[in-house]
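**Q** Put chain R on the given structure of chain D with help from the hints.
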Amino acid sequence: DGGITQSPKYLFRKEGQNVTLSCEQNLNHDAMYWYRQDPGQGLRLIYYSQIVNDFQKGDIAEGYSVSREKKESFPLTVTSAQKNPTAFYLCASTALRSDTEAFFGQGTRLTVV
Amino acid sequence: AQKVTQAQTEISVVEKEDVTLDCVYETRDTTYYLFWYKQPPSGELVFLIRRNSFDEQNEISGRYSWNFQKSTSSFNFTITASQVVDSAVYFCALRKIQGAQKLVFGQGTRLTINP
Chain D
1 DGGITQSPKY LFRKEGQNVT LSCEQNLNHD AMYWYRQDPG QGLRLIYYSQ
51 IVNDFQKGDI AEGYSVSREK KESFPLTVTS AQKNPTAFYL CASTALRSDT
101 EAFFGQGTRL TVV
Chain R
114 AQKVTQAQTE ISVVEKEDVT LDCVYETRDT TYYLFWYKQP PSGELVFLIR
164 RNSFDEQNEI SGRYSWNFQK STSSFNFTIT ASQVVDSAVY FCALRKIQGA
214 QKLVFGQGTR LTINP
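Chains as they are written, first to last, in this note's numbering: chain D, 1 to 113; chain R, 114 to 228.
So that you can see chain D by itself, here it is in the shape it has in the complex:
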C-alpha cells in the first residue's frame, strides 16, 4: 500500500538534545513537507522540499534542520536551538502538479522531558 510512514510515533527529548524524526513515502511524490501542530492551533509549515538535494524554509524554520538525499525520505532534526519543541509533527507529500492534494503521515508526538 502506498503511503507516508513517520517514526517514531512518540519521542521524548531531554533538554539540549537533538532528535531526528523520520518520514518516508512510497507514493513517488516529488515534494515533501514538515508541519508542526500545537493544541488549538492549525498546522504551521516548518520546511519543504520540491526536489532531491533542495529544500526551503517555511514559516517557523528556526531551530529545525532537514535533508533530502533521497526522493523517498525527508528527515527532520529538532535541534537544541528550538526553545519549545513539544508538539505534534506531521509530514506530508504531494505530486508536483497543481490539481492534487497533500497526503499526510500519522505524525510524531515529541515531548521534552
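Derived by calculation from the structure, the hints in this document are not laboratory data.
Note that CB positions come from ideal geometry on N, CA and C, so glycine has one too.
You may find that some hints are simply not true.
The calculated lysine to aspartate or glutamate pairs, modelled on DMTMM-like cross-linking and capped at a C-alpha distance of 20 Å, are [as the list claims (entries may be wrong)]: (1) 151/R x 38/D; (2) 215/R x 15/D; (3) 215/R x 54/D; (4) 215/R x 99/D; (5) 57/D x 69/D; (6) 9/D x 157/R; (7) 151/R x 101/D; (8) 209/R x 30/D; (9) 215/R x 72/D; (10) 116/R x 38/D; (11) 215/R x 142/R; (12) 215/R x 38/D; (13) 209/R x 142/R; (14) 70/D x 24/D; (15) 209/R x 59/D; (16) 209/R x 101/D; (17) 215/R x 101/D; (18) 83/D x 15/D; (19) 209/R x 99/D; (20) 215/R x 62/D; (21) 116/R x 101/D; (22) 116/R x 59/D.
Just a sample of chain R residues kept apart from chain D, beta carbon distances all over 12 Å, derived [said to hold, decoys possible]: (23) 144; (24) 169; (25) 170; (26) 177; (27) 191; (28) 192; (29) 209; (30) 214.
**A** Structure of chain R alone, referenced to chain D:
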C-alpha cells in the same frame, strides 16, 4: 498574506443532528485552492475535498456538503445526520494554485458527536 479562520473551536452535537463548520479565508490571489481535512484521533490528516476558486458550485458527497461563496470568502462544511464516527478535528486550508504547494491552515474545529 494568506489567512484561514475557523472561529468555532469546539462543537458538540447529538447524533443525527446536522452540523456546519465555518471557514473564512483571506488571500490576495485571484486563483487558489481550498481544502477540508479530517483529523481522527489516530492523528493523520485525511483529505475530504479540494475546491478550485474558479468553481463556485456547491458539492455533495453522501452526508457531506460544501458551500463555497467567493463573495464572502467562505467555504463552509456541513455534515447531515451526523454519526459518532464523524467525531474528529476538522481543518480548512488554502493554497496558491501556482508554485510550491504550501498549505495555510485554519485553527481547526473539534467536532464531538454524542450518541
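**Q** Each hint needs a verdict: does it hold in this structure or not?
**A** Consistency of the hints with the structure:
This hinted pair checks out: residue 151/R and residue 38/D have alpha carbons roughly 16 Å apart, not beyond 20 Å. Note on residue 215/R and residue 15/D: the hinted pairing is violated, with a Cα-Cα distance of about 31 Å set against a maximum of 20 Å. Restraint check: the Cα-Cα separation between residue 215/R and residue 54/D comes to about 16 Å, which is no more than 20 Å; the hinted pair holds. Annotation: proposed proximity of residue 215/R to residue 99/D holds, straight-line Cα distance about 13 Å (limit 20 Å).
About 17 Å separates the Cα atoms of residue 57/D and residue 69/D, which keeps this hinted pair within 20 Å; it holds. Only pairs whose Cα atoms come within 20 Å are accepted, and residue 9/D paired with residue 157/R is accepted, the gap being roughly 11 Å. This hinted pair checks out: residue 151/R and residue 101/D have alpha carbons roughly 13 Å apart, not beyond 20 Å. Straight-line distance between C-alpha atoms of residue 209/R and residue 30/D comes to about 18 Å, which keeps the hinted pair within the 20 Å bound.
Between residue 215/R and residue 72/D the CA atoms are separated by roughly 19 Å; this keeps the pair inside 20 Å, and the hint holds. About 17 Å separates the Cα atoms of residue 116/R and residue 38/D, which keeps this hinted pair within 20 Å; it holds. Under the criterion of a C-alpha separation no larger than 20 Å, the hint pairing residue 215/R with residue 142/R is consistent with the structure, at around 14 Å. The straight-line distance between the Cα atoms of residue 215/R and residue 38/D is roughly 18 Å, inside the 20 Å bound, and the hint therefore holds.
With a C-alpha separation of about 7 Å, the suggested pair residue 209/R and residue 142/R falls inside the 20 Å cut-off, and the hint holds. This hinted pair checks out: residue 70/D and residue 24/D have alpha carbons roughly 10 Å apart, not beyond 20 Å. Taking the CA atoms of residue 209/R and residue 59/D, the gap is about 16 Å. The hint holds against a cut of 20 Å. The straight-line distance between the Cα atoms of residue 209/R and residue 101/D is roughly 12 Å, inside the 20 Å bound, and the hint therefore holds.
A C-alpha spacing of about 11 Å is found between residue 215/R and residue 101/D, which places the hinted pair at or below 20 Å, so the restraint holds. Taking the CA atoms of residue 83/D and residue 15/D, the gap is near 9 Å; set against the 20 Å cutoff, the hint holds. Between residue 209/R and residue 99/D the alpha-carbon distance is near 11 Å, which keeps this suggested pair within the 20 Å criterion. Taking the CA atoms of residue 215/R and residue 62/D, the gap is about 18 Å. The hint holds against a cut of 20 Å.
Of the pairs offered as hints, the one joining residue 116/R and residue 101/D holds, with about 19 Å between alpha carbons and a cut-off of 20 Å not exceeded. A threshold of 20 Å between alpha carbons decides the hint, and for residue 116/R with residue 59/D the separation of about 13 Å falls inside it, so the pair holds. A cut-off of 12 Å between C-beta atoms contradicts the statement that residue 144/R is not in contact with chain D; the least separation is 10 Å. With a least CB separation of 17 Å from chain D, residue 169/R remains clear of the 12 Å interface cut-off, as annotated.
Under the 12 Å C-beta cut-off, the non-interface status given to residue 170/R relative to chain D holds; the minimum distance is some 16 Å. Every Cβ of chain D is farther than 12 Å from the Cβ of residue 177/R; the closest lies at roughly 15 Å, confirming the non-interface assignment. Residue placement check: residue 191/R keeps its beta carbon more than 12 Å from all beta carbons of chain D (closest about 20 Å). With a closest Cβ-Cβ approach of about 20 Å to chain D, residue 192/R is found to remain outside the 12 Å limit, as its non-interface label requires.
The beta carbon of residue 209/R sits about 9 Å from the closest Cβ of chain D, which is not more than 12 Å, so the claim that it is off the interface is violated. The Cβ of residue 214/R does not lie farther than 12 Å from every Cβ of chain D; its closest approach is about 5 Å, which violates its non-interface assignment.
Of the numbered hints listed earlier, those contradicted by the structure are 2, 23, 29 and 30.
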